[in-house]
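Q: Could you build the full structure based on these sequences and the hints that come with them?
Quick note on my numbering: the sequence shown kicks off at 4 and runs consecutively.
FYI, nobody ran anything at the bench for these hints, they're computed from the structure. A hint or two may mislead.
What the hints assert, rightly or not - Mimicking DSS-like on lysine-lysine, the simulated pairs with C-alpha atoms at most 25 Å apart in a straight line are:
1) K253 x K205
2) K253 x K267
3) K254 x K267
4) K119 x K192
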Amino acid sequence: MASNREKDANCAGSGGVTPRFTKKTATMLAMSSNAETAPQPQRRRGEVVAFFDLDKTIIHASSAHAFGKDFISHGVVSAKEALILSIAQTGYMISGASAETMANTRDQLAGLIAGKSVADVQAIAQETIHNTVIPTIYAEARDLIAFHQDAGHDVVIISASATDLVKPIAHELGVRDVVATELEVRDGKYTGEVLFFNKGDKKAEAITALADERGYNLNASFAYSDAATDIPMLELVGNPVAVNPDRPLKKHALDNGWEIRTFKNPEPLFSAAAVKEVGIGTGVVAGIAAVTAGALWWAGRQKREGPA
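A: Next up, the structure:
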């Protein structure tokens, strides 16, 4: 079990150069390096890395709430598809988040993106990020990312959302490396197949492979997340940090002496009462971004199998 360390520990290492993976490793990781489109200065890669979950760790809500309305207004997803997605979400939350349920829901959502234009999704994400996503970024997360970068640590955003939605956010934060869900593309359109679903244990597998590839010292490294589904990822590093944790993660963090942080800025986009009133409509918005991004944002709230 990883032990807790001082959050400002002076760990050795410096930033890195553009990663060069073997084809096998790159495919397994679904790595999207160089999140920024402009050429980046070459830096010597160090042994310390900080992994950041995205939804409710870096940004307050989910990428679904951030991008969902824009995909509706641009006609990326039809009203009929939105209803199907809302029903899928409701069934998922009612029946629980077993591996079978998550796989079935993922496949159902992925099938609905077949034929959607990749260019359209990327363009909408890029055009709307300043109005939809940037206001939801926690100031504390932005500062923490800058802290690690100033310390010479590599920073990787690791998310269940699709690469095409995560990359613009990474660019905004000056983060070059992204490990995210990869969707199959053919002739400029999504096929509906998920090549790599970056959730739960898959995040841990991706981190292990990345550490082997780059020579990271995971015992000296950091990981930040809000959800119990990321416990496998958090357990891999010497400095696991629970950020605004859900109940199972908070209990696990307290039981194991992990650091717990509370991010408060920005204020919630939706109050608890407002979310209850919105009801199924919120599921529609969440589902739309999930279908275009391949992200099951509500899976982040699932209970980890076994003792809580």
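Q: Does each hint fit the structure? Answer for all of them.
A: To see whether the hints hold, each was checked on the structure:
1. K253 x K205: Roughly 21 Å between the alpha carbons, so the hint for K253 and K205 holds.
2. K253 x K267: OK: K253 and K267 at ~17 Å, within 25 Å.
3. K254 x K267: holds (20 Å)
4. K119 x K192: Distance of about 5 Å is within 25 Å: holds.
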